[in-house]
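Participant: Those protein sequences? They're chains A and B, same order as listed.
Residue numbering for the first sequence is 1 to 370, as defined by our numbering.
Residue numbering for the second sequence is 1 to 334, as defined by our numbering.
Hints in this document: simulated from the structure, not taken from any laboratory.
Accuracy of the hints is not assured; some may be wrong.
Calculated cross-link-like contacts (lysine to aspartate or glutamate; reagent style DMTMM-like; alpha-carbon spacing at most 20 angstroms) [what the hints assert, rightly or not]:
id, chain 1, residue 1, chain 2, residue 2
1, A, Lys188, A, Asp200
2, A, Lys370, B, Asp303
3, B, Lys168, B, Glu178
4, A, Lys365, B, Glu178
Covered by chain A, according to a simulated footprint, are these stretches of chain B (three or more residues, beta-carbon under 8 angstroms) [stated by the list, open to error]:
id, segment
5, 45-52
6, 150-163
7, 212-224
8, 265-273
9, 290-297
10, 303-314
Each residue gets a CB set at the ideal place from its N, CA and C atoms; glycine is no exception.
Residues per chain are reported as follows:
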Amino acid sequence: MFDKRSRIARLVVGLAGLAIVVGACSSGGSAAPSGKSFTIGYSNGGGVGNGFREEQVCTAKAQALASGQVSTLTTIHRNTDAAGQLSDIRDLIAKGVDAIVFNPNDPAALNPALEEANKAGIKTVSVDAYVTDPTTYNLYNNQIKYAELGAKWLFDQLGGSGTVYYMRGLAGHPADSDRDIGFKNVLKDYPNIKVVPTADGVFTGWDPATATQLINDFIASGQYDQINGIWSSGMGQQVVDGIKAANKPFVPIVDADLYGFVAQLLDPTGYPGLKGAAVTNTAAVGGAGVALALKLLNGEKVETDPSASQPNTVLLNPVLADNVTDAGKATLKSWQVPGLDPGWPLGLTIQGWTTYTPEQAIACKGPGDK
Amino acid sequence: MSAAAGAVEGARTRPAGAVAAFARRNAWTLGLLAFLVVLLLFTKLIQPRYGPVQVQGLAISVLPLALAAVAQAVVVIGGGIDLSIGSMMAFTSVVSATAMQGQSAEFGVVVVLGVLLLGVALGAVNGSLVVLTRVPDIVVTLAMSFVWAGCALLVRAAPGGGAAEWLKDLVLGSIGSEWIPQAAVVLLVIVGAIWLPVRRSRVGLSIYAIGSNRLAAFRSGVPVGRTRLSAYVVTGLFSAFAGLSLTASTGIGTPVPGPYTLMAVAAVVLGGVSLAGGRGGVLGPIVGVVVLQLIRTDMTFLDVNTNLAVVAQGIILIGVVMVGSLVQMRRARA
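Construct all of the structure, not just a fragment, from the sequences and the given hints.
Facilitator: Right, here's the structure in full:
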């Protein structure tokens, strides 16, 4: 049925595949620097390709490198569910790392593995969102305040009355749930603001393609012509581009401080009449999480925020800047970092936490990376 | 080579040749098991602290996908394919997590039984549509994957809910020796209690028969439609077990399906089940899932870039299947 030559060819292809794998395995060695050398694991269970998550991973690598105290940063960065992230964290525990920094897929689902880590003497730090495990430290942007700042600005822009399209993030993600709390906190004070399509908004899943499709459908159905403003949760650039492509007048929009969105706000010729505001939501929580883990490993004291819903929590407070006032424009300009990917947030460093340069974060190199 | 045909063949073999016949019948699974042993030794070599606790973690990690792979294997052996397994898992998982939240342990038992019945019903719907509409399996189940995923989102828009403590404890820790993870025992008990009786029954034989050659089976008097329906029902039941295992390991239900459907197809292929139907068993796919998970773990131990790890997983999949086919072809010629 098969001649000998084709059989040998198949075998060669198979062996070549295995050789690639073996080669890939052997190149992953680690270089131990002088002084203290900790090993840290980093787990990200979603948003691969999303600028916010990519920047988080890169700042974690940059901080591990800049600290000079980390010999290896093992990164597991893939799209998976809570069960998959449980398995990733268990792999990191099995690897015997000194600390695990992770962006949780769920506030409670990872707790069994976090308890196992605690038993094994591994420090755990949750970044970008909290977990309910009592021994884990949480470090994240104050998302309630984030949503409140943006919602208040937007509702004030509309003079306290009008219809707002409410575009949320990933359903069930703690950051998204907290933003919803903040949004609704402010909404209570503005009885003449109506929220569409429902009070619970629509979910972009923090996925650019989904956001583009949502805004295109919204415009095509004629609903866009009935609204006065958009509250967006990080996908503002896609929303603005969708409106521009449809040749519709812009309504005021508030979003996160992503490079692409801020560039649109500062480009009155490309986007005439676009009024908007950006709220900081630094992705450098990845780097700050590594810094926090190192503090814990070195036995240093960590200041926590008692106002947070969980113990052992460090909250980072957001700032808002708009392109309506000159002061706001100046602030937006001061945030810009040349060479940044359009989908990446601007706050590349966090004072008091990160020690790398913005260039190091963009380079995205960890200890031992060539 | 099918297990059913093999059983007939095995009965005819004299006792002295029984071991050899068994080895020949299960050559693929045994080879895969050998590969797993090598992989475990390699893992111990690169990570000397790999021990019972890690094996327990491995068993919990593979449980949902292993059950999904068994679900897929049953329908593939019957000559079909089910692309809605991941969605059925999400649906059954959110239903169980929603129903169990804040309820007593006893009510949890009722929920588990109810969810298993739900799995049977989902499988029956899939199977009836395939049999009655005569639309290809792949199209019907792909379409139904959207339906079940949508139902999951209707039950819960966001991840949440709860699980009975006994359900969570069921998959944690070990039983007897610390080297025997409870999750692995749970898996073997579920599969043994359902698949073994089914396979030995008339229905099981019919599933292999219609998978091997549907026309020949029909002419021999096998009720093709009813058998295909049964295969989908068994698949639905195992999908419900897989969904429950998600709830058990995480304590919540997630409405968005995880990457289980296609991973289950990969595990089935790796486990020596022919995608053309009629050949293979469920043990091979389970071992295949463990191999895939252990490769991922080893990549973490070796600090391989995760993106590269995914590529490597695919290459290993092709490599193993290629080497396996080569061995089988050589044997067929000999």
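Participant: Give a verdict on every hint.
Facilitator: Results for each hint:
1. A:Lys188 <-> A:Asp200: holds, 14 angstroms
2. A:Lys370 <-> B:Asp303: holds, 14 angstroms
3. B:Lys168 <-> B:Glu178: holds, 18 angstroms
4. A:Lys365 <-> B:Glu178: violated, 40 angstroms
5. 45-52: holds (count 3)
6. 150-163: With 4 residues in contact (Cβ-Cβ under 8 angstroms with chain A), the coverage given for the segment 150-163 of chain B holds.
7. 212-224: violated (count 0)
8. 265-273: Since 0 is below three, the answer is violated.
9. 290-297: holds (count 3)
10. 303-314: holds (count 8)
Hints 4, 7, 8 from the list above are not met by this structure, while the remaining hints are.
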